[in-house]
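J.: Here this note's numbering = 1-based position in the sequence shown + 21.
To be clear, the hints were calculated from the coordinates, so they are not data collected in a lab. Hints may contain errors.
Said to hold, decoys possible - Mimicking DSSO-like on lysine-lysine, the simulated pairs with C-alpha atoms at most 27 Å apart in a straight line are:
no. : residue 1 : residue 2
1   : 252       : 361
2   : 586       : 311
3   : 252       : 325
4   : 556       : 586
5   : 192       : 173
6   : 586       : 485
7   : 192       : 25
8   : 212       : 192
9   : 332       : 252
10  : 555       : 485
11  : 556       : 485
12  : 38        : 361
13  : 212       : 173
14  : 361       : 406
15  : 556       : 581
Unchecked claim - Label pairs and their calculated CB-CB ranges:
no. : residue 1 : residue 2 : range
16  : 619       : 507       : 24 to 30 Å
17  : 582       : 554       : 19 to 25 Å
18  : 171       : 243       : 35 to 41 Å
19  : 554       : 394       : 40 to 46 Å
20  : 163       : 296       : 36 to 42 Å
21  : 353       : 561       : 23 to 29 Å
22  : 156       : 208       : 18 to 24 Å
23  : 361       : 559       : 47 to 53 Å
24  : 208       : 434       : 55 to 61 Å
25  : 269       : 25        : 29 to 35 Å
26  : 365       : 551       : 54 to 60 Å
27  : 261       : 358       : 35 to 41 Å
Virtual Cβ for every residue (Gly too), placed ideally from N, Cα, C.
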Amino acid sequence: MCEKTAIRLCDVGKMFKVFPSYTDRILDALGITRWIPLRKIRYNQFWALRGINFELPAGHRIGIIGRNGAGKSTLLKLVTGNLSPSEGTILVNGQVQALFETGAGFHPDFTGYENIRSSLMYQGFSRDEIVAAIEDIAEFTELGPFLGQPFKTYSTGMQARLTFATATSIKPDILIIDEILGAGDSYFFNKSQERMNRLVEKSGASVLIVSHALDQIVRFCEEAIWIDRGKIVERGPAMNIVDSYQRFIRLLDDRRLKAKNKKIHTGRYYHDQYDHYGDSLLLIFQLIGKREASADISEIRLLKGDRVEEKLLVGDVQDTNPYESVHVVLTESQWSDPRKQNGRFFRELHLNTMGSAVTTGHVVIYSHGFFEGSYSIEVEYRTAKEGVLSLTVSRQGDILLDQQLLPQTDGEWMVSSHLIDNLNAIRDEGQDSPESPSQTSEERNGSRGKSRHIIRWPSDGSIKIENVAMFSQDGIEKAVYQAGEPLLFRMTIQAQRDGHFEFIPTATLYRLDGVFVSNFIGPVYPLDLKKSEKKEFQMTLNSLNLGSGHYVFSAAIFEKTITEKSRYDLISRGYEFQVLNNDPLLASAVFSHPSVWSPI
22 MCEKTAIRLC DVGKMFKVFP SYTDRILDAL GITRWIPLRK IRYNQFWALR
72 GINFELPAGH RIGIIGRNGA GKSTLLKLVT GNLSPSEGTI LVNGQVQALF
122 ETGAGFHPDF TGYENIRSSL MYQGFSRDEI VAAIEDIAEF TELGPFLGQP
172 FKTYSTGMQA RLTFATATSI KPDILIIDEI LGAGDSYFFN KSQERMNRLV
222 EKSGASVLIV SHALDQIVRF CEEAIWIDRG KIVERGPAMN IVDSYQRFIR
272 LLDDRRLKAK NKKIHTGRYY HDQYDHYGDS LLLIFQLIGK REASADISEI
322 RLLKGDRVEE KLLVGDVQDT NPYESVHVVL TESQWSDPRK QNGRFFRELH
372 LNTMGSAVTT GHVVIYSHGF FEGSYSIEVE YRTAKEGVLS LTVSRQGDIL
422 LDQQLLPQTD GEWMVSSHLI DNLNAIRDEG QDSPESPSQT SEERNGSRGK
472 SRHIIRWPSD GSIKIENVAM FSQDGIEKAV YQAGEPLLFR MTIQAQRDGH
522 FEFIPTATLY RLDGVFVSNF IGPVYPLDLK KSEKKEFQMT LNSLNLGSGH
572 YVFSAAIFEK TITEKSRYDL ISRGYEFQVL NNDPLLASAV FSHPSVWSPI
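Using the sequences plus the hints, can you model the full thing?
T.: See the structure below:
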């Protein structure tokens, strides 16, 4: 390694395991899963950083900027050795001194003098060096008699002075600072700048600083690196990078404030909702086919006209970050871990069950304001082994798009574009946004029901679903049920031609956010029907063992077998209902399976 290079990172990435339960996390941490072959630990991969490449020349000062959660602090912990990289290499040439937070490593009950001595002794200072360093630190901090008081009695600014002065008195080869300079006042800041300048000029120390105070980055650093969503966006002169970052933040603030103004103008939001996301699109990818069929999804773009509003690189770093406006949803999805092939990231949906099956993956797109006008959604994907991939897009429970993507067999990536036309910025009159505290659950559910519209999938059409309704046990039509109450699902069909039919009625249940709950498949019914003749069928759920919340049914009819070619009609997510009054321990569950406990 070149002596003029203090730090070098080559293709560095850091992955954290996200476990579904505390027990799984503990078993993995203890490393005892090898002794429990039947207990397979499952986890999701969250890449906080990936593909990080940069060098810090000796004697240079580089600032790192970016939003919360971008991966800045994780990067510093990798450099200091507090974390190990999951991939790539990190080379550090010299002694490292790190300041991650005010008071880090200082005992709250020790006096200032005692903390200084213990810190310097730990660094290997001799008795004479400690005496000289204490004089220097006392002069710099100007804490006077407070150095004889317990550290816990100091203000945040006083703690910052002492921590910074002690760390810089050590004169390390590499100094790493994470937000520590933001705790002091302007007087301390100016003294700190002079001290760091002397440190670099006299000892040639290299400095890496993370700070949200952009003026500190400009004043202290020659260069800056802007990190967003776990990747380096830009590197260059500190002033130029700060300008680019500020333009990006202004764009986000502009969107947020314009959305806030619209919300205030509508008078339909509570005060604490003004800065929250105001609208969302749920993208549901479903793969249908035989065993070993698969679909890879690489990129999703939301466009308004020719302008890309949102873009998600599926499988790339932080693609599951829930704080981002567009992200992959792992809960109740069957996405694979991130994959990479020929420089392209993606996630796979894969069918590994016998016979016909379906596997699902979700993506959500948020907006601070409202989705209004016309949009296009572009999907970059490929399929294999005769897999059929479909895309459903819903907004606040309404289905906006329900289409199959063209199959592909040659292994090449394809781009599919789908138009979502004429979205209204504000929901129609009679809808609730947000729900009024004075409304009953039935009234809120009823207003939602009025807004739903029917989405029919392309089908044979010889028989059509004329009507679907839900009833109570005593035959009263309703849409709000108590947990455990029976639900009667009635489907009326109508023949569009004379003929003999052997058809299967089916219903598919989803949670309103798109999570698949269950299929309800009827037997084969042989019937001779005349054109326009109707027939009614009923499916009974004797007890609604569902968690509290909103759910929606799809309804379909097929000839003899359940395949795309045998489908007579399918109405997608057209019939919504609500479940209330679950036990608090089951309220957030999707399904509560009946069980019996007994002593043995």
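J.: Which numbered hints does this structure break?
T.: Of the numbered hints given earlier, the structure breaks none, since each of them holds.
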